[in-house]
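Sequences and hints are given; from them, build the entire structure.
Residue strings, one per chain:
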Amino acid sequence: MEGLEGTLAELRDTFKSGRTRSVAWRKSQLRGMIEFVQENEERIFQALDQDVGKHPVEAYRDEVGVVAKSAKLSLSCVEKWMAPRKGDLPLVFFPASAQVMPEPFGVVLIMGSWNFPISLTLDPLIAAISAGNAVVLKPSELSPTCSSFLAENIPKYLDPKSIKVIEGGIDVCEQLLQQKWDKIFFTGSQRVGRIVMTAAAQHLTPVTLELGGKSPAIMDSSSNPTNMKVIAKRIVGAKWGSCSGQACIAIDYLLVEERFASDLIDLLAKTIKQFYGENPRESKSYCKIVNKNNFKRLLDLLKDPLVEASVAYGGSVDEEKMYIEPTILLNPPLDSQIMTEEIFGPLLPIITLDDIYESIDFISSRPKPLAIYAFTRDEKFKKQILSRTSSGSVTFNDTLLQFLCDSLPFGGVGQSGFGRYHGKYSFDTFSHEKAILQRGFFPELEPRYPPWNSFKLHFIKLAYAFNYIGLILLLLGLKK
Amino acid sequence: MRSLCVEPFQNFSVVDTGARRTLTYCSPWKTNHKHEAVLSPPPSRPIRKSLCVCLSSSSKLPVMMEEKKKTFDASEAALLVKELNESFRTGKTKSYEWRVSQLKSIEKMVVEREKDICEALYKDLSKPELEAFVSEIAMVKSSCKEALKELKHWMKPEKAKTSMETYPSSAEIVSEPLGAVLVISTWNYPFSLSVKPVIGAITAGNATVLKPSEIAPATSSLLSKLFEEYLDRSAVRVVEGDVPQTTALLEQKWDKIFYTGSPRVGRIIMTAAAKHLTPVVLELGGKCPAVIDSDVDLQVTARRIVAGKWQANNGQACISVDYIITTKDFAPKLIDALRKGIEECFGTDPMESKDISRIVSSNHFSRLQSLMDEYKVYNKIVVGGQRNQKELKIAPTIFLDVPGDSQLMQEEIFGPLLPIITVENVKDSIDLINSKPKPLAAYLFTNNDKLKNYFVQSVSSGGMAINDTVLHVTVSSLPFGGVGESGMGSYHGKFSFDAFSHKKAVLYRSFSGDSSVRYPPYTPEKQKLIKAVMNGGIFNIILALMGWSRD
Numbered sequence: 001m002e003g004l005e006g007t008l009a010e011l012r013d014t015f016k017s018g019r020t021r022s023v024a025w026r027k028s029q030l031r032g033m034i035e036f037v038q039e040n041e042e043r044i045f046q047a048l049d050q051d052v053g054k055h056p057v058e059a060y061r062d063e064v065g066v067v068a069k070s071a072k073l074s075l076s077c078v079e080k081w082m083a084p085r086k087g088d089l090p091l092v093f094f095p096a097s098a099q100v101m102p103e104p105f106g107v108v109l110i111m112g113s114w115n116f117p118i119s120l121t122l123d124p125l126i127a128a129i130s131a132g133n134a135v136v137l138k139p140s141e142l143s144p145t146c147s148s149f150l151a152e153n154i155p156k157y158l159d160p161k162s163i164k165v166i167e168g169g170i171d172v173c174e175q176l177l178q179q180k181w182d183k184i185f186f187t188g189s190q191r192v193g194r195i196v197m198t199a200a201a202q203h204l205t206p207v208t209l210e211l212g213g214k215s216p217a218i219m220d221s222s223s224n225p226t227n228m229k230v231i232a233k234r235i236v237g238a239k240w241g242s243c244s245g246q247a248c249i250a251i252d253y254l255l256v257e258e259r260f261a262s263d264l265i266d267l268l269a270k271t272i273k274q275f276y277g278e279n280p281r282e283s284k285s286y287c288k289i290v291n292k293n294n295f296k297r298l299l300d301l302l303k304d305p306l307v308e309a310s311v312a313y314g315g316s317v318d319e320e321k322m323y324i325e326p327t328i329l330l331n332p333p334l335d336s337q338i339m340t341e342e343i344f345g346p347l348l349p350i351i352t353l354d355d356i357y358e359s360i361d362f363i364s365s366r367p368k369p370l371a372i373y374a375f376t377r378d379e380k381f382k383k384q385i386l387s388r389t390s391s392g393s394v395t396f397n398d399t400l401l402q403f404l405c406d407s408l409p410f411g412g413v414g415q416s417g418f419g420r421y422h423g424k425y426s427f428d429t430f431s432h433e434k435a436i437l438q439r440g441f442f443p444e445l446e447p448r449y450p451p452w453n454s455f456k457l458h459f460i461k462l463a464y465a466f467n468y469i470g471l472i473l474l475l476l477g478l479k480k
Numbered sequence: 001m002r003s004l005c006v007e008p009f010q011n012f013s014v015v016d017t018g019a020r021r022t023l024t025y026c027s028p029w030k031t032n033h034k035h036e037a038v039l040s041p042p043p044s045r046p047i048r049k050s051l052c053v054c055l056s057s058s059s060k061l062p063v064m065m066e067e068k069k070k071t072f073d074a075s076e077a078a079l080l081v082k083e084l085n086e087s088f089r090t091g092k093t094k095s096y097e098w099r100v101s102q103l104k105s106i107e108k109m110v111v112e113r114e115k116d117i118c119e120a121l122y123k124d125l126s127k128p129e130l131e132a133f134v135s136e137i138a139m140v141k142s143s144c145k146e147a148l149k150e151l152k153h154w155m156k157p158e159k160a161k162t163s164m165e166t167y168p169s170s171a172e173i174v175s176e177p178l179g180a181v182l183v184i185s186t187w188n189y190p191f192s193l194s195v196k197p198v199i200g201a202i203t204a205g206n207a208t209v210l211k212p213s214e215i216a217p218a219t220s221s222l223l224s225k226l227f228e229e230y231l232d233r234s235a236v237r238v239v240e241g242d243v244p245q246t247t248a249l250l251e252q253k254w255d256k257i258f259y260t261g262s263p264r265v266g267r268i269i270m271t272a273a274a275k276h277l278t279p280v281v282l283e284l285g286g287k288c289p290a291v292i293d294s295d296v297d298l299q300v301t302a303r304r305i306v307a308g309k310w311q312a313n314n315g316q317a318c319i320s321v322d323y324i325i326t327t328k329d330f331a332p333k334l335i336d337a338l339r340k341g342i343e344e345c346f347g348t349d350p351m352e353s354k355d356i357s358r359i360v361s362s363n364h365f366s367r368l369q370s371l372m373d374e375y376k377v378y379n380k381i382v383v384g385g386q387r388n389q390k391e392l393k394i395a396p397t398i399f400l401d402v403p404g405d406s407q408l409m410q411e412e413i414f415g416p417l418l419p420i421i422t423v424e425n426v427k428d429s430i431d432l433i434n435s436k437p438k439p440l441a442a443y444l445f446t447n448n449d450k451l452k453n454y455f456v457q458s459v460s461s462g463g464m465a466i467n468d469t470v471l472h473v474t475v476s477s478l479p480f481g482g483v484g485e486s487g488m489g490s491y492h493g494k495f496s497f498d499a500f501s502h503k504k505a506v507l508y509r510s511f512s513g514d515s516s517v518r519y520p521p522y523t524p525e526k527q528k529l530i531k532a533v534m535n536g537g538i539f540n541i542i543l544a545l546m547g548w549s550r551d
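Protein sequences, first through last, are from chains G and B. Numbered according to UniProt numbering, the first sequence spans residues 1 to 480. Numbered according to UniProt numbering, the second sequence spans residues 1 to 551.
In short, the hints are calculated from the structure, not lab data. These figures come from a predicted structure and were not determined experimentally. Beta carbons: idealized from backbone N, C-alpha and C, even for Gly. Check before you lean on any hint, since a few could be wrong.
In silico DSBU-like cross-links for lysine-lysine, where the CA-CA straight-line distance does not exceed 30 Å [what the hints assert, rightly or not]:
#1 B/354 to G/383
#2 B/159 to G/382
#3 B/156 to G/180
#4 B/452 to G/86
#5 G/80 to B/156
#6 G/16 to B/436
#7 B/436 to G/382
#8 G/456 to B/108
#9 G/380 to B/152
Chain G residues, not near chain B, derived (Cβ > 12 Å throughout) [claimed, not checked]:
#10 40
#11 46
#12 142
#13 157
#14 168
#15 170
#16 260
#17 293
#18 305
#19 316
#20 331
#21 336
#22 469
Structural data, given as structure tokens:
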């Protein structure tokens, strides 16, 4: 505890000295970050393999590549982002200028998650650095290899006076949350999100909560008869291809019209075999379940007899290898846990509807998800999905790619969290926008001051209406 | 509980129209909640309605308020949220037409009822008419006007660029309403600080509940009446009350909570919001400093300070000047100029002036009194000091060189007391400001450009005005909001719309351009290609595709 307070005091001093505010510092740290991922690519792959069994290609696509891309973008844009923006001013204020100037919050806390232990920890760090903050980074203890790798190596590449990595479990998190931060950025579950925000409230600390939710995919088969193969690939890729479904934007469940369900299951099964072979347990391209707790939680979801009966494909497990086969369920009961909780694993319930348009009510009657995926060519349906459902993002005819698009804000709404990042939004998330109005001493408008009289009231009314002609007439005594 | 439940009805049965309404409103409630009927008090709606009828003529106001407060509890609040969510779900608040109609109604309400509003403000704060016009009525009007003018533009989805990784595709950012939102406002600008956030919520297409402050009761009940009369009751509501009602409201799940008030209550609000993962905007206060350099135009500076202190609701404003920092040598000149400025504005006896607000309540009066009477500061008064407990008036009062550990320099003053702190060098003031929590506003008066830049760079505050006070909040192109202890989130102009909107990311893709690289089984070739694509070099991509990539 004492050590922690000392660390924080050091960071506050560093921030106060102004060191982290300069463009030079921010750029040097971003370069350090790029160097870090480039020089340590192999070691990161190894750590990821150990923690979640991630294949290097997946690891590059979802982790190393994401970090490198984001750091490069920030490096080339940070100066532009830092520049104050001009605000428009009405003429009554003349002579004056208005500006919005982004400034760093101060000392910020970033709490990473275990499913993408590199990118979901370092991408927010890039954001905090770009905005000029001093940072404490707390990687998830559930991906221990990555956590200790970061703790050991980050200080070699980034300014250790301004950026600290603190490792630990729940007790450390609790201690960290008792401290006063200027911003907390949390990626993880809703349950812990509530704890983080409650703790933050004690110090009036703003928070960004990147949570999850049951992200649905809508499959409008009738408008897409020719593209089924591509769609199946994109669905399988978004369910099992990204950390075996242990991703906040992975597809949680699939909505399809009843008449297309069996064809779809056949096609998905075929695609799964194409991706992971006859026996996915042996595939190097398939992640394991992160730990025993999550393994057990997922098995519990399947234990409900009605759910078990609904398994249409897969279902085999291997506890020793922490392996759960890509599994498809057809119409498990809607009140079963698998349909009320976020699944966060390789189980895919398919819910059938009579008419695909029913999917809108189905989704909007449930908590707002982080993402909605819809495969359709029906423009009317697209419009309805956009206006009648709410979610962090909507992607039409593809999956996951919204995460890679720097110009789109990434973040949730409602139960899937609040605050957003990626690209310029990352910078904004860690900046306070200071409003600045600069004035000269002349001319001075007498009617601003008491004692009040009807002339002054008239004057102010005209000024507020921006009625400049009226003002002149009034001043000349030509108007009553 | 039972007797409480009956009493108000008996009382109101005396009031002619109230009784009939009570009966008609009561029946659905009884059938829906048979079990609670015995335990919980009756719904507030009918009573509030009948209250309005009797308020104007009755002298038993405090007694009636007391009874009414008992009627709004958690189950009633839950019902209200349910109703609002239902109207939100119908989608009507999302339509451009609905938003415009509500904004126009607010505009109409302000124009038609300007007199009633000024009267209520006078009752609550003796707010001078012109000050009421400038800081309350005109603020609301111009917000409405701007929103009406810009709404279409604000609602339009924003196109976003797409990148190599997602090619071919198009992307946009859609602003969508959050749902049912709660606005809890405050007593110092009880009209504008209530209606302006509501305008933001409506512009963004939300269903809204406003809880005005019970410390400004006349404005609170007027708002309740006016909203009922002018706005769509199914999606915009007012709930009056104090702690129990606010607690009942806070127990509900909202999609956003917008709070204006103190940091202490701000913590309570955010803690309550955390339970439902509800995002909050907290507009709090803080000790807003004004640094005055010795090279300024003294008369103009003094008058702008007077405007930013005593003309701003007699110092009871979150952005009013809390304390002044100036140099030792300059302080006497500044005090003379301020004394003169006060006299020009409020006459030789400010206690008699009609152009200055009174203290809002006896609680606040005694709080300010104890700040004045603290032994560390009572002999530091150089201007003013008069007070009248009966009329809740305190004259503009200036203190010179109060110690840093006095209550006056520790707490947000929120009243007509103005301490002046002196420093050797004007630059020292920045360390002093930075040693305190971040304020909502910081002011600097100087002709020195270097000092201006240094101040802007090194002082962190919600907003800033250089060579003026308070005026920055009237600029709608500037976000208004705090940082650190002075709050989080911002509003005004487009920022209000954004504060009540979710920015939904939308990506449109087609089925062509599907690359097998994305999918397992993963191979070293795929790794090279992914790397090339993510690094963005078209040359590398070609090399990788041809299998010639170096790594």
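Name the hints, by number, that the structure is in violation of. Those not satisfied are hints 1, 3, 7.
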